[in-house]
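Visitor: Below, each chain spelled out in residue letters.
2 protein chains.
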Amino acid sequence: MKTQQVLKKIHNHISRHFNQHLKQIQEYVRQPSISADGTGMKETAEMTRGLIENIGGASKIVPTDGWPVVYGELNTGAKKTLIIYGMYDVQPVEEEKGMWLVPPFAGKIVNMKPFGKCLVNRGVYNTKGPLRAFFNACQSILAVAGKLPVNMIFAIEGEEELGSAHFPQFVQKYEKELKKADAVFFPLPQQNVKGKVVMTLGVKGIIYMDLICKGGKWGGPTKRGIHSSFHAMVDSPVWRLIWALNTLKSADGKITIENFYENVSPPNEEEAQLLKKLEKTFDEEAIRKEHDVLRFTEDLHGIELLKRYLYAPIINIDGITAGYTGEGTKTVLPHTAKAKIDIRLVPQMRTDEIINKLKKHLRKKGYPDIKVKIHDCYQWAQTSVKEECVQAMIRAYKQHGHEPEIWPRLAGSAPFYIFNQPPLNLPFVIGGLGHGGKMHSPNEYFVVEGIKNNEKSIVTFLYEYAKSRKRKKGRIRNAAGKSTSSLPTQRLPL
Amino acid sequence: MKTQQVLKKIHNHISRHFNQHLKQIQEYVRQPSISADGTGMKETAEMTRGLIENIGGASKIVPTDGWPVVYGELNTGAKKTLIIYGMYDVQPVEEEKGMWLVPPFAGKIVNMKPFGKCLVNRGVYNTKGPLRAFFNACQSILAVAGKLPVNMIFAIEGEEELGSAHFPQFVQKYEKELKKADAVFFPLPQQNVKGKVVMTLGVKGIIYMDLICKGGKWGGPTKRGIHSSFHAMVDSPVWRLIWALNTLKSADGKITIENFYENVSPPNEEEAQLLKKLEKTFDEEAIRKEHDVLRFTEDLHGIELLKRYLYAPIINIDGITAGYTGEGTKTVLPHTAKAKIDIRLVPQMRTDEIINKLKKHLRKKGYPDIKVKIHDCYQWAQTSVKEECVQAMIRAYKQHGHEPEIWPRLAGSAPFYIFNQPPLNLPFVIGGLGHGGKMHSPNEYFVVEGIKNNEKSIVTFLYEYAKSRKRKKGRIRNAAGKSTSSLPTQRLPL
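Line by line, the protein sequences give chains Y and S. Residue 47 in the numbering used here sits at position 47 of the first sequence; the count goes up by one each step and never skips. Just so we're on the same page, the numbering used here is the position in the second sequence counted from 1, plus 494.
Errors might be hidden in some of the hints.
Stated by the list, open to error - Straight-line alpha carbon distances no greater than 35 Å define the calculated DSBU-like cross-link-like pairs of lysine-lysine that follow:
1. S:Lys771 / S:Lys748
2. Y:Lys373 / S:Lys771
3. Y:Lys360 / S:Lys748
By construction, these hints were calculated from the structure, which means they are not laboratory data.
Given only the sequences and the hints, what does the whole structure look like? Please build it.
Guide: Encoded structure:
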């Protein structure tokens with residue numbers, strides 16, 4: 001039987017069994033798995049192990065200093081091996097009480113404009129829904145073809161929503177096993193609200209930190225807030241934090257940390273070609289409407305706006321707090337102030353480099369007392385569009401009638417650098433048809449009709465990848481389209 | 495009987511009946527009266543009316559658009575008439591759960607180092623304890639002398655802890671009655687932690703406001719926080735608020751609003767004399783220790799520090815909030831940011847003048863969208879040390895063996911301008927022996943032995959004031975020691 005015939009049979013199998021598939025997804029997402037407070041984590045790890053074993057894999061739950069990783073191996077004797085990366089944890093719902101149309105773990109199907117039937121549940125899109133759909137796709141392949149077209153290694157972590165702090169522990173422990181793989185696949189639906197497939201080849205890096213200013217030797221109240229009238233003789237940690245923040249970025253939007261932009265690379269040759277195509281299709285209006293924004297920064301439009309989005313490092317203030325923040329009045333000179341900051345890094349910036357520059361800057365500007373408390377650090381990561389796994393995904397989209405819009409990267413961050421950098425040096429691809437949204441928000445959804453297409457596209461991708469040529473182990477095609485074995489995430493500066 | 499003999503008898507009467515007096519204070523403070531949520535306000539207004547009627551006054555509860563004012567008149571045919579200003583409301587205790595040694599409305603007596611026996615209760619110092627002690631003092635006068643030495647008008651408000659927003663309504667309604675008075679007396683114990691009497695002749699003005707920056711036409715997300723990665727193309731209301739705040743005050747502590755210091759007066763002749771005396775007695779170490787401060791602003795010391803405290807206007811940030819402020823990480827570009835600000839005004843600054851300058855400044859600096867939401871406005875107020883009511887209080891302190899340290903003003907604020915300015919034009923005095931503390935905090939206390947001295951000092955003050963010369967109505971001796979009938983709170987610039 002030719003591949004195309006097999007594919008058609010499997011797609012039909014998915015259509016015929018879709019009600020059952022949907023029920024299986026509902027069952028999986030209804031099981032809460034909140035890594036922030038531990039709710040249902042143990043049960044969900046067990047369920048996830050069961051999913052791997054159910055398609056014939058060997059699986060074990062690997063402990064870390066945080067939540068365990070569900071590891072699995074499924075060797076079908078195929079030429080190619082894919083790591084299936086995923087997570088079994090979801091965001092908390094505590095802060096969203098009363099904001100859900102249906103209870104967040106009821107797994108209900110709700111009519112949502114303009115999409116029609118949607119499965120609404122915490123984690124249904126990010127990412128337990130797509131993960132369960134992936135296993136549905138594998139079940140259908142097994143039912144029709146008897147075996148999977150690629151070998152699989154599963155690495156399903158339980159701390160993605162907490163910043164993947166202990167995932168590297170697992171990678172270190174299973175380095176030998178993981179190195180057998182040719183590429184990494186992260187199942188995540190890529191159609192936007194309008195149905196267009198937007199494919200991203202990478203992510204920005206991130207440093208998430210608290211900047212904390214407390215009263216001390218420099219001045220200010222040291223133990224508690226005091227009556228604000230004393231501000232005439234006692235300095236303020238709040239003002240001090242504001243002045244310090246003001247030295248990081250000026251009102252024109254420029255980041256003013258010394259040499260901050262030193263390693264920022266302009267688009268390379270491959271990216272320049274992608275941008276040329278994007279110029280024709282990039283839809284700024286969709287972004288403006290989805291996010292209720294009346295004006296983009298510096299009144300940028302079109303490709304200039306997209307370039308800013310993809311190529312500019314940022315310093316964002318996620319939150320700031322000090323003193324009395326309630327209604328009405330309370331006169332207090334606070335003794336402490338805190339800002340929560342995320343810095344997003346583009347190629348070739350590195351987290352350690354930027355942390356050092358920031359700390360040096362604060363010392364130099366006279367704020368050595370301001371504490372820099374680092375929460376998470378991810379390096380940026382990016383795979384070349386020419387990589388076999390990416391090309392296989394593009395071919396899969398095209399077979400399903402979609403011409404994907406390809407972005408060099410997403411402005412967001414994810415821990416792909418763990419795969420992309422030494423010692424693994426693996427290319428990665430994120431993909432699948434289907435549309436979901438409101439991740440980290442109430443009424444997180446996954447469009448039901450899209451789930452069916454998602455499963456079919458996964459099957460197509462796996463067969464397309466299986467037939468692509470074998471890549472040379474330990475060498476990775478970087479984003480510049482050049483091969484390097486020493487520093488795979490580093491691009492040659494243009 | 496000579497005044498001194500009468501005084502002695504009354505003081506003895508207080509000593510003999512002090513247990514009963516203490517019980518009466520306990521009973522009054524145990525009745526909660528939280529203006530913020532309304533708890534016990536009605537009952538306490540009734541109790542307060544009862545106190546006035548109990549010493550022979552006529553009283554009524556005067557409605558306002560907020561909590562009512564307890565008004566009273568007691569005409570004894572004396573030459574002098576005092577307005578007794580006070581409040582029957584107290585601060586909330588909700589936020590202080592678990593922080594009290596005893597329940598906040600149990601009226602318990604607790605041993606507190608280094609003071610010994612203290613009555614611990616919300617409002618026991620600020621100011622229901624001193625108010626009830628005032629009535630105890632009056633009862634003792636009546637028991638011994640048969641009548642009070644001065645006529646009294648009572649104006650006991652129920653919204654001081656909310657900013658006295660509707661007290662001017664009452665003053666307008668009762669202008670004719672209030673104008674009969676010669677001065678205003680606010681009973682509040684004035685001994686500090688070391689037992690020293692620190693007498694203050696006035697208060698700074700205050701403007702309490704929120705500065706709010708929201709996403710809008712200028713940029714930023716307008717309806718909710720969005721994923722922080724979009725900060726590369728969408729501006730931030732938090733950064734905007736920080737940049738705007740930074741234009742208000744520079745890192746060297748100077749306020750940079752145009753012409754902000756224009757009407758700030760240096761010490762006048764009377765104040766210069768007071769400061770000369772203060773140079774010898776001002777105890778900066780007591781303030782440093784009480785407030786846990788390691789370094790005063792600009793390393794100021796001694797009289798230079800005190801002058802900064804009393805003569806510098808300030809802009810304090812009472813609180814600031816935006817976005818995610820919890821533990822760990824959440825990446826969000828917030829759509830709104832708020833700072834709570836208090837500006838303290840010294841003579842001759844005026845609230846309307848400063849609000850206009852601030853708004854003009856924000857417009858000029860490019861922040862016309864930042865909303866200035868005013869909560870409270872008090873003008874500064876100050877009475878000359880030469881005023882009869884002040885001199886009577888000084889004489890009373892001296893008779894009880896205390897040489898008061900006299901400060902031109904407190905750096906804090908209170909609504910005395912309502913009495914001090916047209917149409918009432920009345921001088922005011924704050925006073926009484928005794929020590930209390932932790933107002934607006936858990937374990938608010940009033941030292942028991944000090945309560946006895948407080949009542950006695952009140953009696954002495956009333957007799958001293960009764961014999962002072964009659965002042966000319968409608969004319970007020972201002973802080974410069976000069977008489978003016980047109981603008982009593984305005985001093986001649988030096």
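Visitor: If a hint holds in the structure, say so; if it doesn't, say that too.
Guide: Hint check:
Proposed proximity of Lys771 (chain S) and Lys748 (chain S) is supported: the alpha carbons are some 28 Å apart, at most 35 Å. In summary, the hint linking Lys373 (chain Y) to Lys771 (chain S) is not supported, as the alpha carbons are separated by about 49 Å, beyond the 35 Å threshold. Under the criterion of a C-alpha separation no larger than 35 Å, the hint pairing Lys360 (chain Y) with Lys748 (chain S) is consistent with the structure, at around 26 Å.
The earlier numbered hint that this structure contradicts is number 2, and it is the only one.
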